[in-house]
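There are 4 protein chains.
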Amino acid sequence: MLNYAINMHSIADPVPVGVMGASGYTGLEVLRVLSGHDGVSVRFAASDSEAGRPTPVSGLTFVPVADVRADEVDLVFLCLPHGEAARWVERKGGAGARLVDLTADHRPGSGRETGAVYGLPELNPEEVALARLVANPGCYPTGVILSLAPLARRGRIDRARPVVVSAASGVTGAGRSAKRELLFGEVFGDFRAYGLGNGHRHLKEMRALLPGLGLLFVPHLLPVARGILETIAVPVEAGVDAAEVKALWRSVYGGSRAVRVTEEPPTLARVANTDVLELAAFDNPGLEAPTVTVVAALDNLGKGAAGQAVQNMNLMFGYDAGRGLRC
Amino acid sequence: MLNYAINMHSIADPVPVGVMGASGYTGLEVLRVLSGHDGVSVRFAASDSEAGRPTPVSGLTFVPVADVRADEVDLVFLCLPHGEAARWVERKGGAGARLVDLTADHRPGSGRETGAVYGLPELNPEEVALARLVANPGCYPTGVILSLAPLARRGRIDRARPVVVSAASGVTGAGRSAKRELLFGEVFGDFRAYGLGNGHRHLKEMRALLPGLGLLFVPHLLPVARGILETIAVPVEAGVDAAEVKALWRSVYGGSRAVRVTEEPPTLARVANTDVLELAAFDNPGLEAPTVTVVAALDNLGKGAAGQAVQNMNLMFGYDAGRGLRC
Amino acid sequence: MLNYAINMHSIADPVPVGVMGASGYTGLEVLRVLSGHDGVSVRFAASDSEAGRPTPVSGLTFVPVADVRADEVDLVFLCLPHGEAARWVERKGGAGARLVDLTADHRPGSGRETGAVYGLPELNPEEVALARLVANPGCYPTGVILSLAPLARRGRIDRARPVVVSAASGVTGAGRSAKRELLFGEVFGDFRAYGLGNGHRHLKEMRALLPGLGLLFVPHLLPVARGILETIAVPVEAGVDAAEVKALWRSVYGGSRAVRVTEEPPTLARVANTDVLELAAFDNPGLEAPTVTVVAALDNLGKGAAGQAVQNMNLMFGYDAGRGLRC
Amino acid sequence: MLNYAINMHSIADPVPVGVMGASGYTGLEVLRVLSGHDGVSVRFAASDSEAGRPTPVSGLTFVPVADVRADEVDLVFLCLPHGEAARWVERKGGAGARLVDLTADHRPGSGRETGAVYGLPELNPEEVALARLVANPGCYPTGVILSLAPLARRGRIDRARPVVVSAASGVTGAGRSAKRELLFGEVFGDFRAYGLGNGHRHLKEMRALLPGLGLLFVPHLLPVARGILETIAVPVEAGVDAAEVKALWRSVYGGSRAVRVTEEPPTLARVANTDVLELAAFDNPGLEAPTVTVVAALDNLGKGAAGQAVQNMNLMFGYDAGRGLRC
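Chains as they are written, first to last, in our numbering: chain A, 11 to 337; chain B, 11 to 337; chain C, 11 to 337; chain D, 11 to 337.
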């Protein structure tokens, strides 16, 4: 891991940052979150396809990617298409700036050995604080890992049975590139499973963080713009119940503004346009094999992408992790 | 069970039928399916709330429920609110007509002992053909039971682990009564789990037809008007794979126009406005505990209600089971 | 105009037809309508992008456009992208088959002089019956022209004031090509006007059929898959009221199954998935300048495209114009 | 008009306010806007139907309407059902607090003579600042009046022809009461005109503020949760063009954060969840009778209700009118 000296910033001196790939859904959302953050100043929003046009939220004009002077900012958010972020890092090495990469390029399972720190702020804040390059987690893994990691680490999961994750995501999770299967006329009124055969690329990321668990992961495409709901059948050890699950979560996440344990089932509408992950757990009386149902809801563009990236940035700058988040 | 002599009808002589509760979503859908059926003639469409207004599809005028002369038709579809169908049957006893009850009132788990025949036409056609009163299955159970029954009966399911069913339904599945939580402003852009704690009332029906299986059932409310998608993690015995599951289905359902085994994953859009259940199965290589993922899709108002009711009617009249269906 | 001898077909002998560009939204809809038509047999469904795959409705396999033998059918529906239909006709001349062109290539205002007959079956059925090449009207013009032509021809419209048309269409009206602005993530929850400045290309077609009228036409993009609603403020001559408008429509359209005059305002949901245009008219008491509000609703893929194409085909084959339509 | 001495508040001393009818769509939105306003402190959120439950945004608990002590706050927002606000005011007289009434009860055309000040902050800020009771404008009239008033007052509109307004609103505009026609299953995939015959109750309000204009107003129900788009065909005097219209707007609204004149057509998505009204104007070359098309977009719950109510409150408290708005 490439560490980095923590630099503490005063409020009076907003830190300069930039966004690469700023006209996609995650890039726009980073701009949106940062517009409510009083500790940073966005210096550039780079997008080749929109170069020369005004950005919708920050009062900037999109600039071509090649024109970016990364050395003039302290941190760059990489929101480029998958693959291009790695190439940019290889070529530029960050050019002096610290990096939060929102693509899959530096995550576990990418096949790259880059010394990037996987940035789930609730689990490894100290590492993130020192990192030069943070791999921002995928949207689906954020919910699954934060749901399961506290239980797995305490041995509360029965490893003889698989954890069954049924996940559903709004369409912005698939990016903003023009593809026929993402046209409104195709998605409207539809609902479909995909990645069948346990083949979704996010599985590697989940397995890396949840070693030893059997994971069956079935994602679905929801006819809404944003939000993820994950319904997880967790095979638990005898005696473990929903109350214990919630207590464990509260003990681990109590200090985070970005994770909320609820009694009512979380819903997409409650978390849309926020940077919060909501978690709830329910017993299933009558089932012979003890199983707790977990429901996790987050905005794929919020806690699942831009909100989490800003949490990571906060840690890297010595700010409170929840600063500027929409909670 | 109350049996009934099969009466064969000639094409030249359409059988008179009627619909009670014809202005709800299932009642309207029964009228819609019957409008494409050349073997019946709809004599009345009863609805107190719409009495006096024209029906949208059959050229009739809605009449008050109390004005219905059930003895003038050979069969009545009961699409009344849950509870009212049982009261009507108790009071009238069918008044001479055979009955297909689309409510939950006579299904397994209703707590009633009425001699009704549970009508899943692919599983017990001979019983249906002779029945005087058919309990039309619930929308969720139709997909779950038809997915699992052939496997369960052949001992292909590992009963030490629960079957995990994640199901999602369009809003018409909740009926047409005005409730705040079903308002457009509440459901739009949302997705939510409900019935948590394995408490959905359809579970009794599934358990009655799938004895000995552990069933974990989590339904979700989809922001679409119609359609159900059920994603089922089936714990199978060692050596059982998706190919065997599909072969079993084909051997049992090969003769039915209303069940289709597909290689591609079924989607809501493919089955909306049809009377077909689509089934597909997928292996999950790498999981230690062998598990097959089943995806089942049906229209909650089609094969999940009106289409199945017409299948049952066809069997009761000696018609081909698939006659008039939208397949 | 290129005429053609009417050839009467018996029911016992379905007429062979084909579809070019069969995997776009209009092509698929032509296949769908024809699947319920007992007087034709679809011999080919051509699509380069889907070649080799099964068609969703007719049991055929898509074939490459270049492989089509147009001389083996009596009629070809051209559902190619705009521009390609004209090129195909120029190159092939129809290759012996009569043609119904669903693109804009041969419509008034296309700038081409091709001898095509503009096919609005309610207005010029005799011409259509004899045509070799029919230009199927645009979706927006179908509603506007059928609303206004009977009034304009009888001098009921005050030409000193413009007719103001506010129209809204579902997204399939823009075709099935992958464009960013038609992605689900862009359209969901949105509603927007376009073609501002009275610049929509359908205006030429409307003006050609409604000479002398001032037309202000503002289309909007609706977040639904299909359907068009047109709300038209018609400046009428003194003394003209909604009752007279409806009487005029009924006198002209009384014989058509595809046009329905209603008292209640037409809605998108009522006409979706049908081949019907619904028309209603309303007085506006209190306005000094007499103005009747017309509401017209049709499915852009039904009466606005495929349904109307089949009506035209019916006339060309000597069938009843409404045969096989979804009314 | 009942005037009131302006009381200037310092930032250090947030003003206590309350919300009556806080669980409906407008009440919740007032809570949402106020949660981002640093000059007020919400003391109560009253709702009989939700009494005892937590409010979703402000950390309060809903209290019964009867328990409210209005004299403990400086201002009350009335978000009760139409009719109940007037009754509450009659009975309580505000109980010492100043009032912003978001219902129709005190607007022009309500038939009441109450001395309420009609609060369109861009048009009469001085009156609002002194008012004891402000009638917050309707959502549709907000867009229509702000579009047309500057033109009408300067004599730029040709009064021999009617202004034709085609308006479309998301479903929350109809309130949160359970009605069958507002169920998701009814609205999904639909689009419909209503209030035909120029009969919408908002017309009285528009006519009162735009005397002497002929107004033809046709509202439509959009299948989205929130937002209004109004497309207005404005008959202008000879020589008036879109550039002049925009210049007039800019001269009148230049100082308001809540009105934005744009070159691109406003869209629903751009203004959803904001408190901004966007206005654009377009010429229609070729039309003999000169007509400018205006497109106005606002969130019915933002600038069309809660945002505007907070603007009015700001003026009443001597704050900057745009303080705390989502612009």
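Hints are computed from structural coordinates only; laboratory data are not their basis.
Here the structure is a predicted model, which means the values were calculated and not measured.
Careful, some of the hints might be misleading.
Unchecked claim - Cross-link-like lysine to aspartate or glutamate pairs, in silico, DMTMM-like; alpha carbons within 20 Å at most:
id	chain 1	residue 1	chain 2	residue 2
1	B	Lys-189	D	Glu-82
2	D	Lys-214	D	Glu-191
3	A	Lys-214	B	Asp-293
4	B	Lys-189	B	Asp-168
Stated by the list, open to error - To spell it out: a stretch of chain A is covered by chain C in this simulated footprint if at least three of its residues, at any positions, have a beta carbon under 8 Å from a beta carbon of chain C; those stretches are:
id	stretch
5	61-74
6	229-235
Ideal placement from N, C-alpha and C gives every residue a C-beta, glycine not left out.
> What are the numbers of the hints that this structure violates, sorted from low to high?
Replying inline: 1, 2, 4 and 5
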